[in-house]
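Chemist: With the hints as your guide, set chain B onto chain A.
Protein chains: 2
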Amino acid sequence: MLPFARVTIIGLGLIGGSIARAVKAKMPTVRVTGHDADPDVRETARAIGFCDDVTDTPGAAVIDADLVILCVHVGAIGAAAAAIAEDLPAEAIVSDVGSCKAEVARAMADALPGHIIVPAHPVAGTERSGPEAGFASLFDNRWCIVTPVEGMPEDAATRVAEFWRRLGANVEMMAPDHHDRVLAVTSHLPHLIAYTIVGTASDLEEVTQSEVIKYSAGGFRDFTRIAASDPTMWRDVFLSNREAVLEMLQRFSEDLTALQRAIRWGKGDELFDLFSRTRDIRRGIIEQGQDDPAPDFGRSHN
Amino acid sequence: MLPFARVTIIGLGLIGGSIARAVKAKMPTVRVTGHDADPDVRETARAIGFCDDVTDTPGAAVIDADLVILCVHVGAIGAAAAAIAEDLPAEAIVSDVGSCKAEVARAMADALPGHIIVPAHPVAGTERSGPEAGFASLFDNRWCIVTPVEGMPEDAATRVAEFWRRLGANVEMMAPDHHDRVLAVTSHLPHLIAYTIVGTASDLEEVTQSEVIKYSAGGFRDFTRIAASDPTMWRDVFLSNREAVLEMLQRFSEDLTALQRAIRWGKGDELFDLFSRTRDIRRGIIEQGQDDPAPDFGRSHN
Numbered sequence: 001m002l003p004f005a006r007v008t009i010i011g012l013g014l015i016g017g018s019i020a021r022a023v024k025a026k027m028p029t030v031r032v033t034g035h036d037a038d039p040d041v042r043e044t045a046r047a048i049g050f051c052d053d054v055t056d057t058p059g060a061a062v063i064d065a066d067l068v069i070l071c072v073h074v075g076a077i078g079a080a081a082a083a084i085a086e087d088l089p090a091e092a093i094v095s096d097v098g099s100c101k102a103e104v105a106r107a108m109a110d111a112l113p114g115h116i117i118v119p120a121h122p123v124a125g126t127e128r129s130g131p132e133a134g135f136a137s138l139f140d141n142r143w144c145i146v147t148p149v150e151g152m153p154e155d156a157a158t159r160v161a162e163f164w165r166r167l168g169a170n171v172e173m174m175a176p177d178h179h180d181r182v183l184a185v186t187s188h189l190p191h192l193i194a195y196t197i198v199g200t201a202s203d204l205e206e207v208t209q210s211e212v213i214k215y216s217a218g219g220f221r222d223f224t225r226i227a228a229s230d231p232t233m234w235r236d237v238f239l240s241n242r243e244a245v246l247e248m249l250q251r252f253s254e255d256l257t258a259l260q261r262a263i264r265w266g267k268g269d270e271l272f273d274l275f276s277r278t279r280d281i282r283r284g285i286i287e288q289g290q291d292d293p294a295p296d297f298g299r300s301h302n
Numbered sequence: 001m002l003p004f005a006r007v008t009i010i011g012l013g014l015i016g017g018s019i020a021r022a023v024k025a026k027m028p029t030v031r032v033t034g035h036d037a038d039p040d041v042r043e044t045a046r047a048i049g050f051c052d053d054v055t056d057t058p059g060a061a062v063i064d065a066d067l068v069i070l071c072v073h074v075g076a077i078g079a080a081a082a083a084i085a086e087d088l089p090a091e092a093i094v095s096d097v098g099s100c101k102a103e104v105a106r107a108m109a110d111a112l113p114g115h116i117i118v119p120a121h122p123v124a125g126t127e128r129s130g131p132e133a134g135f136a137s138l139f140d141n142r143w144c145i146v147t148p149v150e151g152m153p154e155d156a157a158t159r160v161a162e163f164w165r166r167l168g169a170n171v172e173m174m175a176p177d178h179h180d181r182v183l184a185v186t187s188h189l190p191h192l193i194a195y196t197i198v199g200t201a202s203d204l205e206e207v208t209q210s211e212v213i214k215y216s217a218g219g220f221r222d223f224t225r226i227a228a229s230d231p232t233m234w235r236d237v238f239l240s241n242r243e244a245v246l247e248m249l250q251r252f253s254e255d256l257t258a259l260q261r262a263i264r265w266g267k268g269d270e271l272f273d274l275f276s277r278t279r280d281i282r283r284g285i286i287e288q289g290q291d292d293p294a295p296d297f298g299r300s301h302n
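Top line first, the protein sequences correspond to chains A and B. For what it's worth, our numbering labels the leading residue of the first sequence as 1, then goes sequentially. For what it's worth, our numbering labels the leading residue of the second sequence as 1, then goes sequentially.
With the rest of the complex left out, here is chain A:
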């Protein structure tokens, strides 16, 4: 039994477009309807053909849906929810894919009183964006975190979880607040730091931008990938998950200061101890299939 028969995707970028492709690949009998606020994106989506139908209005997209997934930036969730409120069937489940969950859950509940809301976050993506960037295997063996909110029917979360399993993901249930603290450290802080160091490097006077680019293979290029992510998405994430991000940032700054002192005072043992400890985390990530085990992430060397 498929968990849903008619799935509507609002927002046809990297994630929305990948969900559509994955549904067509893994649940081909499910009808996929899409809508995007940007007419160019709708045009591209129609040309690629990853939806059965792309509608010109959000209301027309949801009118017979049993699952609606809002795949828009976190800061635009409230408006996207409000735009479907009038046409949303009473029994439809509304979900999303945002990287912060507490504020997003509140925004959806406010815009859709009386409706069934099950926020979710597939922890997957690339540095690309737009309807062309998606692919059907994006969620394979990645985690999707479903964050049920109080007062909603229990089986709604179960059905959303089953939907994500069918798309290839592993599913975990978690309270929205805990999600936001976990992602602050595994995703939001890394992005903030990557954006910062790439900015720092490009502002130097005595080292030219051309030198930074040339010699990036020494480590810097690993940071530039996530610093090339969608600026609107990440602005919204930092504003929405402000408290957890600031707390993790504070801890990171303290740890960095300790290392700075160790370097200044020539404490090689302290450096060595930390540098040895961090290898275990990488090993865990590889063992659990969350990254490519090949050196250099499997970059081609030819």
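There's no promise every hint is true.
Simulated restraints on C-beta separations [unchecked claim]: (1) B/Asp203 with A/Pro153: 36 to 46 Å; (2) B/Glu243 with A/Asp38: 47 to 57 Å; (3) A/Glu132 with B/Asp64: 53 to 63 Å; (4) A/Met173 with B/Asp273: 36 to 46 Å; (5) A/Glu91 with B/Glu254: 47 to 57 Å; (6) B/Pro293 with A/Glu270: 36 to 46 Å; (7) A/Ala5 with B/Glu254: 52 to 62 Å.
To list a few chain A residues with every Cβ distance to chain B over 10 Å, as calculated [stated by the list, open to error]: (8) Met1; (9) Ala5; (10) Pro28; (11) Thr29; (12) Thr44; (13) Asp56; (14) Gly59; (15) Ile63; (16) Ala79; (17) His115; (18) Gly125; (19) Asp280.
By construction, these hints were calculated from the structure, which means they are not laboratory data. It should be emphasised that the depicted structure is a prediction, and the values quoted were computed from it without experimental measurement. Each residue gets a CB set at the ideal place from its N, CA and C atoms; glycine is no exception.
Modeler: Same frame as chain A, but now just chain B:
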């Protein structure tokens, strides 16, 4: 005309082993002799067979060499140079592959007075180490920075540069001090920050290590690769290039504080401006062939 006929490699880890393999692949008539202080590494190197000969002492390895490359950790360069001093032919050129150049150049000059020294740094590597980790194409289209020191015959640097070009690298000449400032930002600071954030994440109480590993696909995993690099190598780098690293770290901390304030006070425009600016650097790196253009570094998605 090949720049050298008999090349000796002291230290048969990732870089030394890759140089040996690259010489055999690209200059098959050149005789490659190797030595490593660790008998297990010598045994492995003999079994793999990437050298024509692996000697049990450093002296025996250099006795008829015209190029000797010290491929040991930066902190061990002085001792490695001293160990070959007695047997080194007067006309041989001594080079290295260290990630810092000013201090390394001084250590080699002190240990080998009257000899010809041409420090160099191939900006290439992976998170792996040891004799099994190397491969012949490691330097293809990567940069090798040659940092000539005053008072040495000019054609020595030219020959070392030609050697690296034959191995597939692009070569740039640079003063040792400038090299150390460039690499502080393109390599040393990124490693320091990656080690720090992986340490910060593993020290959290309320977010478990298992959660950090599970949800690492959100960005964190990009940092764990370089934080899995050789701890001895990196301890030595930070101690050797202390001043430049501390200065870059100071700039980074200031920039991070500015972003922290922008998040705290909800200044979305400031965040958006930085996040847009950093995309250009990534574009430059891709255009100049210094990284894989595929999304996610070309990680396999299947």
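Chemist: The structure should be examined with respect to each hint, and the outcome stated for every one.
Modeler: Against the structure, the hints come out as follows:
no.: 1; hint: B/Asp203 with A/Pro153: 36 to 46 Å; result: 39 Å, holds
no.: 2; hint: B/Glu243 with A/Asp38: 47 to 57 Å; result: 50 Å, holds
no.: 3; hint: A/Glu132 with B/Asp64: 53 to 63 Å; result: 59 Å, holds
no.: 4; hint: A/Met173 with B/Asp273: 36 to 46 Å; result: 38 Å, holds
no.: 5; hint: A/Glu91 with B/Glu254: 47 to 57 Å; result: 54 Å, holds
no.: 6; hint: B/Pro293 with A/Glu270: 36 to 46 Å; result: 39 Å, holds
no.: 7; hint: A/Ala5 with B/Glu254: 52 to 62 Å; result: 55 Å, holds
no.: 8; hint: Met1; result: 27 Å, holds
no.: 9; hint: Ala5; result: 28 Å, holds
no.: 10; hint: Pro28; result: 19 Å, holds
no.: 11; hint: Thr29; result: 24 Å, holds
no.: 12; hint: Thr44; result: 17 Å, holds
no.: 13; hint: Asp56; result: 29 Å, holds
no.: 14; hint: Gly59; result: 29 Å, holds
no.: 15; hint: Ile63; result: 34 Å, holds
no.: 16; hint: Ala79; result: 15 Å, holds
no.: 17; hint: His115; result: 28 Å, holds
no.: 18; hint: Gly125; result: 8 Å, violated
no.: 19; hint: Asp280; result: 8 Å, violated
Hint violations for this structure: numbers 18, 19, all remaining hints satisfied.
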